[in-house]
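Colleague: Here is how the chains run, residue by residue.
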Amino acid sequence: MRMETILSTEAQRIDKQALVRIYEEYSPGLYRYAYRLLGDQDLAEECVSETFSRFLQVIRRGSSPEGNLRAYLYRMVHNWVVDHYRKQAPQVSLETGTYPDPDSSLEKGVDSRQEMDQFRMALLNLPEEQRMVIELRFMEDWSHAQVANFLGKTVDATRALQHRALVALRQTMPGLEEI
Amino acid sequence: MTMNNPNQQTIDPELQHKLQQMRTGPPRNPDAAARGKAQFIAEVDKIVKEQGFSSNTQPTGGSSFYQRWKEKWNMATPRTRIVFTFVTAFVLVAVFLFSGAGMTVYASQSALPGDALYGVKTGVEQTRVNLARDAAEKVRLNLAFAERRLDEIARLIENKRFADIAQAVQEYEHYVQNATAALTTVAAGDPASVQELASQVAQLLNRYAQTLSSMAGALPDTARLEVERAIQMSNTAGNMRGKFEFVGTVETINAASWIIGGRTLTITSHSEINRGIKVGDLVEVEYILDANGNPILIEVELAYDHDDINDKDNDDVHDKDDDDDSDDDIHDNDGTKLEFTAIVEQLGTNLWVIGGRTLTITNRSEINRGIKVGDLVEVDYILDANGNPILVEVELAHDNDDIHDKDTDDGIHDKSGAHDNDDDDDDHDDDANDDDDD
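Those sequence lines, one after another, are chains A and B.
Mapping of the first sequence onto our numbering: residues 4 to 182, in sequence order.
Mapping of the second sequence onto our numbering: residues 4 to 441, in sequence order.
So here's chain A without its partners, still in its complex pose:
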């Protein structure tokens, strides 16, 4: 039984301590995940807050998240971000230093941020399992074996997912679309 399953079982009893543990366990990762997709700290906090609020409503109704709680929460964050982008077209972040690149000129930095927004959208549009592989492998530094265990797949299958995701992402990058 995995950690998240145990926590999920506890959560179904609406035990305050268990729920706070869940929050402490997953909130930082969910925030990072939301920030990567949104590029805005306030929005990422709002996203995480609403995700846990929705999670509590699910628990309150006596429902139980099916399967892996961690994946369930990440999916809720993803849905929130998708809904957010549906309501308003994504805008280039005006935060300076959001993606620091000390070697870039100011103009190049703006281009870079625009490219990053485009790249973020491409990541967001990947099929869920592909996106999860990229997130966990390249941003959370998980091994293929860990990702495979998390997704319930074989290592070979996660390698194939990773490859497809990388191909899809590369095709969104300027100058490589025709390849």
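Just so you know, these hints were derived from the structure itself, not from any lab.
Check the hints yourself; a few may be wrong.
[Unchecked claim] Just a few of them, taken from the derived set where beta-carbon distance is under 10 Å, the chain B residues facing chain A:
#1 Asp48
#2 Lys49
#3 Asp137
Being a predicted model, the structure only gives us computed values, none of them experimental.
Each residue gets a CB set at the ideal place from its N, CA and C atoms; glycine is no exception.
Following the hints, position chain B against chain A.
Modeller: Leaving out everything else, chain B in the frame of chain A:
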């Protein structure tokens, strides 16, 4: 210049750079994080107060027991974790059985649809499915619980509670659908074990269909229609034998059969084999099982382009297989996509009834033009979080005229209908939203 990721795969440096940039976000504002946590705790308090649940609050910042336990858990070997899991499960079951809640659950075991405790009974069953250790266990549990529904239907008939039969049938269909979905997951993750399991599933479902048939005659018209639908579904699921996939290494190539990942697959004249595959290649395999449970190769292709990944020259040119990958994305979600062939019975804006099964139409459902009631169609569908079928694609069955192998299995289908897996994923995402919005 190329860069290596931790898995030794060489990827495009620009892409690597972008991924690296995404890693480096600004640190989280501690005040905002604290406010978020405080808000969450306030909401928990509100719920606990409303519902009168336990509130054994302790400061969590230094929740030493939890921290120690978590550290031990993280450091434990897989063997230790397995032993711990079994011991914990045993203790929990013992406590549960001898507690008041256990007595309630025990009392609920004889409940029938329409009884007050029936929800407890099915809730406990669903929890057992959710906690199953693997997909094969889920298959067995779902089928066992489907069989319970048959017992319930028999008892409802004895008690002449015909109006409650619909709910039992609905639950039966739910478990059968989940069993077939889990079977597909087994095929993806553990192809070596799927053959025997699929054969057992087929036998059980055919037996279930016979049991239902023996009961149908004793029913009034309304209830009989429900049961006949379940019979049809059982037969369809039992005979479908599915289309399975896995990723493995090519071990042997012969004219009549290939061995991939330790599994022998029969080659037919309709098997689609991508050019250039050789022994040692990692490939994606699509296959069906014939009437005897033997795997028949439908399609094999490179799982990924080795030349591309190991490209020392940083040559970004991809071969056709890469392009094909995007079309095949539907198969990423191995565990959820199912298919069957049946007659169209009703066409609605949001729901179609095909072969007695009601499928929800979404804006991503691919529907071939000209399909009308009475047509024999092939249906691709997925199950949402509640086990309800969501239509992915429907097309006339005779459109797939390129593969009808009478010698092997008429379940061999054309793969031309493959489409983007984004649809599948989005459907699941929407499901999660649905949960939230309920």
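Colleague: Indicate, hint by hint, whether the structure satisfies it.
Modeller: A quick look at each hint next to the structure:
1. Asp48: Interface hint status for B:Asp48: holds (7 Å vs cutoff 10 Å).
2. Lys49: With a minimum Cβ separation of about 9 Å from chain A (threshold 10 Å), the hint on B:Lys49 holds.
3. Asp137: 8 Å, holds
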